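Participant: Those protein sequences? They're chains A and B, same order as listed.
All residue numbers for the first sequence refer to this note's numbering, where the first residue is 110 and numbers rise by one.
All residue numbers for the second sequence refer to this note's numbering, where the first residue is 110 and numbers rise by one.
These are computed hints drawn from the structure, not numbers from a lab.
Any given hint could turn out to be false.
No copy labels: a pair is met if it fits in one copy or bridges any two.
[To be verified] EDC-like, lysine to aspartate or glutamate: derived pairs with alpha carbons at most 20 Å apart:
| # | residue 1 | residue 2 |
| --- | --- | --- |
| 1 | Lys158 | Glu171 |
| 2 | Lys158 | Glu144 |
| 3 | Lys195 | Glu171 |
| 4 | Lys158 | Asp203 |
A quick note: this is a predicted structure, and the numbers were derived from the prediction, not measured.
Protein chains: 2
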Amino acid sequence: MSPEPDVFAALADPTRRLILTRLAEGEATVNELAEPFPVSLPAISRHLKVLERAGLIVRSQEAQWRPSRLQAEPLDEAVAWMQSRKRTWDARMDRLEAHLRPKGDRHE
Amino acid sequence: MSPEPDVFAALADPTRRLILTRLAEGEATVNELAEPFPVSLPAISRHLKVLERAGLIVRSQEAQWRPSRLQAEPLDEAVAWMQSRKRTWDARMDRLEAHLRPKGDRHE
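Looking at chain A on its own, in the form it has when it is part of the complex (with noise of 0.2 Å):
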């Protein structure tokens, strides 16, 4: 499984991880995203356009103020991802620290 290349270059920007934090606890406006940021509401908004093309939130379309909502799925095939190098990874030093861990009964 191969997550979406959006998806880290989504999470690259650290406003943008800040926001997901945000948005992992519910659903907000553009309006309430911006609030703790010293940059603008159009700045956010682009940001929101990385993370939605992302897959990582979604953005209502009924209301005005479009709140957005975290979507998790493209979080899961990521982790996956990485755990999938990690995995082969850890399996490879186990190999390498049985191969060279001295043995009385072993003789390679």
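Guided by the hints, dock chain B onto chain A, whose structure is given.
Facilitator: The following block gives chain B in isolation, referenced to the frame of chain A:
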């Protein structure tokens, strides 16, 4: 715990993700890493620099061909960051679901 911002930026490129996938199976030289890709050695070297800056690989200083090796810790931190958001979100969804679930013995 907050992961290095550079980790997600490093993971945002598909060639760099394939390089990491290869390195999870064992260390490799620039030439070995470049082999499956239709890109130049300097391009691969630039990708390795990005991965190195993000702490995702270390390159040996000893040999002339400087083999690259995966470093798993930044992956762990990035996974922890994403899982923490996911847990907050899941907990919120559970509360919402509990709240919306019709209950004969419950009126709010």
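Participant: Give a verdict on every hint.
Facilitator: Hint by hint, here is what the structure shows:
1. Proximity of Lys158 to Glu171 under the C-alpha cut-off of 20 Å is restricted to the intra-copy arrangement: shortest distance 17 Å within a copy versus 45 Å between copies.
2. Proximity of Lys158 to Glu144 under the C-alpha cut-off of 20 Å is restricted to the intra-copy arrangement: shortest distance 18 Å within a copy versus 36 Å between copies.
3. Proximity of Lys195 to Glu171 under the C-alpha cut-off of 20 Å is found in neither arrangement, the shortest distances being 42 Å within a copy and 25 Å between copies.
4. In this assembly of identical chains, the alpha carbons of Lys158 and Asp203 never lie at most 20 Å apart, being 43 Å within a copy and 27 Å across copies at closest.
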